[in-house]
Amino acid sequence: MDFNLNEEQQMLADTVQRMVRDQYSFEKREGYYRSSDGFSPEFWQQLSELGITSVPVGADYEGFGGSGVENMLVMTELGRGLCLEPFLHSQIYAAGLVEQLGSSEQRRSLLPKVAAGEWRLAVADEEPGSHYDPESIACMAIPCDRGWRLEGSKRVVIGGDSAKFILVSAKIQDTDGVSVFLIDPEADGVTSQSYPCIDGPRACDLALNGVYVECDDLLGAPGKAAPALIYQRGRAGAAQCAEALGNMEEAFRLTLDYLKTRQQFGAPIGRFQSLQHRMADMRGELELARSMVILAACVADDPVSDERSRQLSAAKFVVARASQFIAEQAIQLHGGIGMTWEYSLAHHAKRLVMLAHQFGDDDFHLAQYSALLDLPRQVA
Amino acid sequence: MDFNLNEEQQMLADTVQRMVRDQYSFEKREGYYRSSDGFSPEFWQQLSELGITSVPVGADYEGFGGSGVENMLVMTELGRGLCLEPFLHSQIYAAGLVEQLGSSEQRRSLLPKVAAGEWRLAVADEEPGSHYDPESIACMAIPCDRGWRLEGSKRVVIGGDSAKFILVSAKIQDTDGVSVFLIDPEADGVTSQSYPCIDGPRACDLALNGVYVECDDLLGAPGKAAPALIYQRGRAGAAQCAEALGNMEEAFRLTLDYLKTRQQFGAPIGRFQSLQHRMADMRGELELARSMVILAACVADDPVSDERSRQLSAAKFVVARASQFIAEQAIQLHGGIGMTWEYSLAHHAKRLVMLAHQFGDDDFHLAQYSALLDLPRQVA
Amino acid sequence: MNIHFTPEEQAFRQEVQAFLRSNLPDDLARKVRLGRRLAKSDHQRWQKILSQQGWYAVNWPVEHGGTGWSVVQKHIFDEECAAAGAPRIVSFGVNMVAPVIIRFGTPAQKDYYLPRILSGEDWWCQGYSEPGAGSDLASLKTRAHRDGDHYVVNGQKTWTTLGQHANRIFCLVRTDPGAKKQEGISFLLIDMDTPGITVRPIITLDGEHEVNEVFFDNVRVPVENLVGEENRGWTCAKYLLTHERTGQAGIGLSKAALEQLKRIAMAETVRGRPLIEDPMFRARIAEVEMRLMAVEMSTLRILAATRDGGVPGAESSLLKIQGSEIRQAITNLMRKALGPNALPFLEHELEPDFDGDPLYQDYSAAPASQYFNMRKLSIYGGSNEIQKNIIAKMVLEL
Amino acid sequence: MNIHFTPEEQAFRQEVQAFLRSNLPDDLARKVRLGRRLAKSDHQRWQKILSQQGWYAVNWPVEHGGTGWSVVQKHIFDEECAAAGAPRIVSFGVNMVAPVIIRFGTPAQKDYYLPRILSGEDWWCQGYSEPGAGSDLASLKTRAHRDGDHYVVNGQKTWTTLGQHANRIFCLVRTDPGAKKQEGISFLLIDMDTPGITVRPIITLDGEHEVNEVFFDNVRVPVENLVGEENRGWTCAKYLLTHERTGQAGIGLSKAALEQLKRIAMAETVRGRPLIEDPMFRARIAEVEMRLMAVEMSTLRILAATRDGGVPGAESSLLKIQGSEIRQAITNLMRKALGPNALPFLEHELEPDFDGDPLYQDYSAAPASQYFNMRKLSIYGGSNEIQKNIIAKMVLEL
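Chains as they are written, first to last, in the numbering used here: chain L, 1 to 380; chain A, 1 to 380; chain G, 1 to 398; chain V, 1 to 398.
One or more of the hints may lead you astray.
According to the in silico footprint, chain V covers these stretches of chain A (three or more CB under 8 Å from chain V) [as the list claims (entries may be wrong)]:
hint : segment
1    : 66–79
2    : 330–337
3    : 342–355
Some but not every residue of chain L turned toward chain G, in silico, with C-beta under 10 Å [stated by the list, open to error]:
hint : residue
4    : 108
5    : 144
6    : 147
7    : 151
8    : 223
9    : 252
10   : 338
11   : 353
It should be emphasised that the hints constitute simulated quantities derived from the structure, not laboratory data. What you are looking at is a predicted structure, and each value in this text was computed from that prediction instead of being measured. Glycine is no exception: its CB is placed at the ideal position from the N, C-alpha and C atoms.
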């Protein structure tokens with residue numbers, strides 16, 4: 001049992017923290033948000049030059065081969081800075097899917113480019129009616145000569161508008177299982193509608209009208225991709241918990257500062273006991289969340305098991321509840337100022353609440369955990 | 001819309017309040033609790049002399065014919081005094097069942113005696129596995145010559161040890177519906193185990209081994225009693241909400257007094273803002289509970305409808321949550337002293353929490369309400 | 001004791017329903033139901049319709065053009081308007097400054113301002129809050145000094161709701177800097193066109209322009225625009241705040257939002273079934289509905305007490321807390337009901353003039369924005385913490 | 001970074017498990033699991049078994065008979081003991097007064113008292129709280145004045161847990177009434193057989209006799225029973241409180257209680273099905289288990305930090321709050337799981353010597369009593385409100 005970082009890990013954390021501090025002031029972020037890309041290609045470039053984009057990718061594919069712990073360190077800092085780049089969705093989620101499902105040829109052709117930050121990927125697994133369940137999809141792959149034609153629509157593909165390739169989930173006609181196909185968003189039949197999410201990052205909806213995919217564009221065996229999607233959603237969810245942690249720490253810090261400086265009724269409002277206790281409650285939730293972030297990072301790469309699924313669901317649950325609590329209380333303690341667009345806290349709060357809308361919210365994971373509840377063999 | 005009491009109602013409330021204040025000091029209650037009856041026969045006698053025992057019984061049977069509002073007024077005061085007499089179970093629940101289900105002969109032979117306080121009744125509808133659902137029972141009525149023989153066991157029959165007759169629910173062999181039978185607890189085949197409940201009142205468990213009941217001892221048509229049980233549990237639950245209200249008011253009063261007098265760190269602890277806000281929260285819950293008590297009293301005697309069921313479940317839910325919150329916070333704000341047997345607050349707290357264990361707790365009524373949720377005709 | 005409405009009240013409800021059926025424009029009701037933003041013209045359209053019916057100034061005495069309704073009738077009216085999707089009344093003129101003018105104003109002020117409010121000619125906004133003050137309203141710094149027959153106003157107001165539409169603002173200003181906190185404050189009526197006034201938008205976290213900062217740079221206000229006595233403006237302020245807090249529970253709005261929540265939960269699917277059939281989510285809706293029932297009953301109790309001659313006291317603080325918490329809980333569930341569909345930030349779909357096809361569903365664009373917007377409910381009108389202080393002090397005497 | 005236990009720690013866990021399998025008496029484990037009350041002899045029996053194994057004084061240095069275990073080993077030991085249903089260690093002697101004696105005591109005190117604690121000859125209780133003091137410990141009034149080679153003690157202590165079994169009490173007494181609050185306090189070791197001591201039971205709301213009042217009427221205590229310096233007893237008190245707070249999260253006990261909750265939910269039925277299959281109740285169990293997982297991870301983090309040389313600071317206040325809330329949540333669910341079966345108050349079924357047939361089930365008598373008893377967790381050891389004050393002051397510097 002060891003909660004210390006090794007020297008390399010500490011250096012990684014420090015590097016990303018410094019980069020974010022230097023490049024991601026709130027004012028700059030506003031600029032990136034309003035730019036055509038919706039994020040900062042320069043910052044991405046720097047992440048790539050310092051090898052950060054390669055951290056999650058396997059060492060066999062010119063990646064750094066980082067574990068859940070390294071992903072945690074990077075994501076915590078990106079979360080603290082409210083960074084808009086699709087690091088999580090491209091480098092961790094999509095790259096993880098390719099590494100788990102892809103043929104060695106697919107991996108070799110894609111992953112080095114991803115590790116280098118040259119190509120970004122995105123995953124299109126949510127649909128209007130899927131509600132966090134990668135198996136509840138209607139998108140169809142209709143077999144045709146030497147491949148398939150994809151029909152259907154995909155929702156909220158984070159980073160989809162700037163991705164080189166998109167991994168699309170679909171069911172092959174007249175079969176049950178889920179398959180994952182690699183598509184070029186520029187391909188015929190793909191219509192993409194891009195927009196910002198309410199918490200900042202850019203996403204798109206996809207309409208797929210007979211999009212042709214070759215046999216080589218299928219990742220893994222036909223109809224067998226669901227376990228990989230679920231496994232990688234677990235890894236991505238763990239990394240997202242770390243993002244929430246960095247964010248919460250910053251929201252907490254801003255609020256604590258505010259309580260110490262804001263004067264009302266002749267004293268800093270932090271003197272009021274009811275607000276002090278609220279801060280203590282927030283601090284408690286923050287510590288529980290931190291513990292679960294660490295747990296999730298440590299088990300994210302474990303082999304599939306009920307225990308891992310329970311731990312990852314518990315992490316998402318605890319972190320989602322803590323995030324919403326801290327977001328709401330941070331606004332409440334700030335008063336009106338906490339609700340204004342021009343103050344960073346409001347954006348921290350938005351992201352903290354909306355993170356639950358990816359990879360399953362607290363209700364979803366409560367149900368997951370509940371289904372997997374470990375029961376004693378003996379009745380009372 | 002009128003929330004005022006008429007003169008007669010106000011007089012009723014005042015009368016019971018005065019009686020309770022005079023006869024039911026906490027010290028006296030301790031004596032009643034430890035007595036062989038487990039309550040005060042003298043107090044019951046007084047209730048009867050002043051006509052209070054007759055309040056819930058119909059005017060056709062020498063009762064006062066009071067409505068849910070009158071029941072509310074009586075129960076609020078009995079709740080304030082933590083009274084131990086089985087008024088609710090005998091005069092409201094059991095008498096209500098007899099009035100709804102009984103033949104005119106049964107009503108005429110039982111209700112005047114009940115109204116006069118001469119006979120008490122009890123209802124044996126819970127079983128080890130029934131968990132608030134009067135239809136989930138295993139007790140069996142086996143047809144025999146000119147009647148039935150009852151087999152099975154009944155749990156936590158409140159007031160059962162001092163009842164003249166007990167109304168027992170059972171299913172007639174090889175049929176599905178629930179029937180209610182009137183038994184004499186002294187009859188052959190009845191074994192009764194009496195005990196106090198953790199919140200004070202006396203109850204018993206019944207083992208029924210071939211207890212003979214005549215045709216005349218069946219209340220209502222065979223197998224058709226479930227709706228009446230559910231309806232009367234609604235009435236009784238409404239009255240119990242009023243009992244909780246009187247109790248909560250007293251627990252709140254005791255706690256507020258304590259906050260004003262108890263000194264710590266050089267000031268009355270009521271000066272601490274976090275405790276002030278806690279009291280404000282308790283006051284808020286108390287007001288919501290009061291509103292639901294009034295609502296429940298006003299609809300308790302309405303004809304069966306989904307709307308009435310929803311309102312009564314909502315009342316039980318809101319009151320159960322408020323009761324537990326106020327009980328727990330009252331103890332917490334008192335500190336250790338609030339946990340001692342010799343201080344009345346502890347007993348208020350116990351009763352407030354345990355009231356939910358009769359007629360369905362908050363979870364039970366949340367599920368009931370949920371099942372009856374009123375949905376708009378139009379989807380979004 | 002009887003919780004049912006009288007036959008007369010029920011008949012009144014039917015009259016209101018009939019009026020709304022024939023007079024509330026469908027497009028307006030739809031915008032409100034879907035949580036879209038409303039244009040100034042939307043508000044004005046509805047204001048005119050109500051005015052024509054004589055139902056706009058529900059809180060005014062009959063002699064000034066009010067309805068003369070009982071508190072119960074007003075409650076029924078509010079509830080039916082909300083259920084039908086009528087735009088919320090912008091209350092700064094009709095329900096805030098007007099009662100103050102009626103109570104404290106000169107005959108000339110009444111004759112001039114009240115008809116202009118009724119006709120919709122004047123749009124008022126509120127100059128109460130200041131950047132440094134927050135919940136400590138009386139610590140305001142905007143000052144006015146007398147110069148001949150004018151006050152000269154300098155300072156800044158903030159959180160001025162819909163100030164961008166307003167041609168008039170009522171302000172609390174400090175006229176005696178030497179006096180104690182709540183003394184030395186005066187209540188002024190100011191024309192927004194007066195030179196020296198600048199309005200700067202504040203964009204809130206949901207991207208909406210609802211509130212503003214208002215700057216006063218040597219703004220000259222005729223002395224006849226003073227309401228009540230100089231340095232006694234706090235009396236007006238308190239009177240107004242009491243009026244503001246009543247009805248803050250927003251029962252009607254919460255009921256309408258709950259209805260919309262149910263519709264969304266019926267339309268959205270989870271694992272191939274409507275979300276409303278998910279036992280846990282359904283129970284969350286049930287729970288909030290039960291609490292709302294309790295808050296509604298509490299509101300009715302207070303209304304009845306007011307009708308019977310009582311003054312809404314600190315109970316209104318309890319209702320403000322509970323009403324805001326319930327409304328927040330409902331928008332929270334609405335956001336959650338959408339799952340991933342809550343993420344897209346499609347501001348154009350929220351605009352008053354949007355009439356294209358939505359990217360997903362017509363109901364899906366607003367809930368996340370609304371959830372964030374509704375955080376204001378526990379902050380403004382006296383934060384919920386301040387309300388608890390009031391309860392502790394006034395009701396519990398701690 | 002690695003959350004897994006080392007192979008050595010895992011081997012240690014197996015060793016503990018094997019020891020418990022062979023040495024923990026079944027009847028004792030059953031009583032604990034079912035929440036029955038324990039007799040003095042039950043505690044003593046287990047104490048002897050542990051002592052014989054050399055595993056009783058886990059927190060002591062090896063030279064005094066301690067185990068020399070790491071914090072992680074201690075955690076594993078606690079967890080396995082709780083899981084197996086071992087009686088909780090009564091900590092007043094071995095884990096409270098002993099560390100103080102070891103740290104501040106004279107050689108003579110160490111030689112005399114420590115072996116008697118190890119052997120079980122002495123049963124200690126704690127004389128800290130006083131009727132007027134509550135969470136404000138330092139406001140204590142029990143006084144001791146010097147009379148020759150004795151202190152003469154007068155006053156009253158309360159909430160003295162299991163004082164009825166004790167032959168010794170350690171007390172905070174005021175030796176300098178003129179000094180400031182936390183000064184002028186001394187730490188005394190007192191023989192309960194000394195004339196002038198009266199123990200009066202306090203019965204708690206669950207009918208249990210667990211705590212007592214202890215009265216001191218001119219009790220003569222030899223001066224050599226002073227620990228540390230006169231008037232410097234607060235140093236000992238603070239040292240002891242730090243020791244007390246660590247481990248207050250009670251992870252092992254909560255896990256064992258959660259296990260029992262699941263068993264009850266599997267045995268009780270609702271509408272003919274096991275309660276554990278009810279989606280709402282199951283989700284409530286899942287929720288508390290997830291939170292417990294988080295608190296356990298937090299505990300491990302603090303343990304690791306302690307091992308690496310840190311001092312458990314205000315984090316232990318957070319754990320105390322969270323640990324108590326979780327334990328209370330579990331007993332709440334246990335009570336609810338029983339439905340009407342929670343009502344009977346069958347005290348005889350809870351007694352240590354009960355071996356008859358239960359009226360209903362062997363698991364059904366205790367949960368309601370336990371739920372009420374567990375209210376103490378958020379009150380004692382510094383109420384949860386006090387813990388929040390500590391966090392605000394020490395961690396947040398507000």
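> the segment 66–79 of chain A covered by chain V? Criterion: 3 or more residues, Cβ-Cβ distance below 8 Å.
Replying inline: Contact hint for the segment 66–79 of chain A vs chain V: violated, 0 residues under 8 Å.
> Taking 10 Å as the limit, does the beta-carbon of residue 223/L come near enough to a beta-carbon in chain G?
Replying inline: The hint is violated - residue 223/L has no Cβ within 10 Å of chain G, the shortest such distance being about 18 Å.
> If you take the shortest Cβ to Cβ gap from residue 338/L to chain G, is it below 10 Å?
Replying inline: This hint holds: residue 338/L lies near chain G, its Cβ roughly 8 Å from the closest one there, short of 10 Å.
> Under the criterion of a CB-CB separation shorter than 10 Å, is residue 151/L in contact with chain G as hinted?
Replying inline: violated (18 Å)
> With 10 Å as the cut and Cβ atoms as the points, is residue 144/L at the interface with chain G?
Replying inline: Hint violated; residue 144/L Cβ to chain G Cβ min 27 Å, cut 10 Å.
> Taking 10 Å as the limit, does the beta-carbon of residue 353/L come near enough to a beta-carbon in chain G?
Replying inline: holds (7 Å)
>> Taking beta carbons only, do three or more residues of the segment 342–355 of chain A come closer than 8 Å to chain V?
In response: Answer holds; 7 residues pass the 8 Å Cβ test.
> Does the nearest C-beta of chain G fall within a distance shorter than 10 Å of the C-beta of residue 147/L?
Replying inline: Interface hint status for residue 147/L: violated (28 Å vs cutoff 10 Å).
> Are there three or more residues in the segment 330–337 of chain A whose C-beta lies within less than 8 Å of some C-beta in chain V?
Replying inline: holds (count 4)
>> Please check whether residue 108/L passes as an interface residue: C-beta within 10 Å of a C-beta belonging to chain G.
In response: violated (32 Å)
> Close enough to count: is the Cβ of residue 252/L nearer than 10 Å to one in chain G?
Replying inline: violated (17 Å)
This entry does not satisfy hints 1, 4, 5, 6, 7, 8, 9, going by the numbered hints stated previously.
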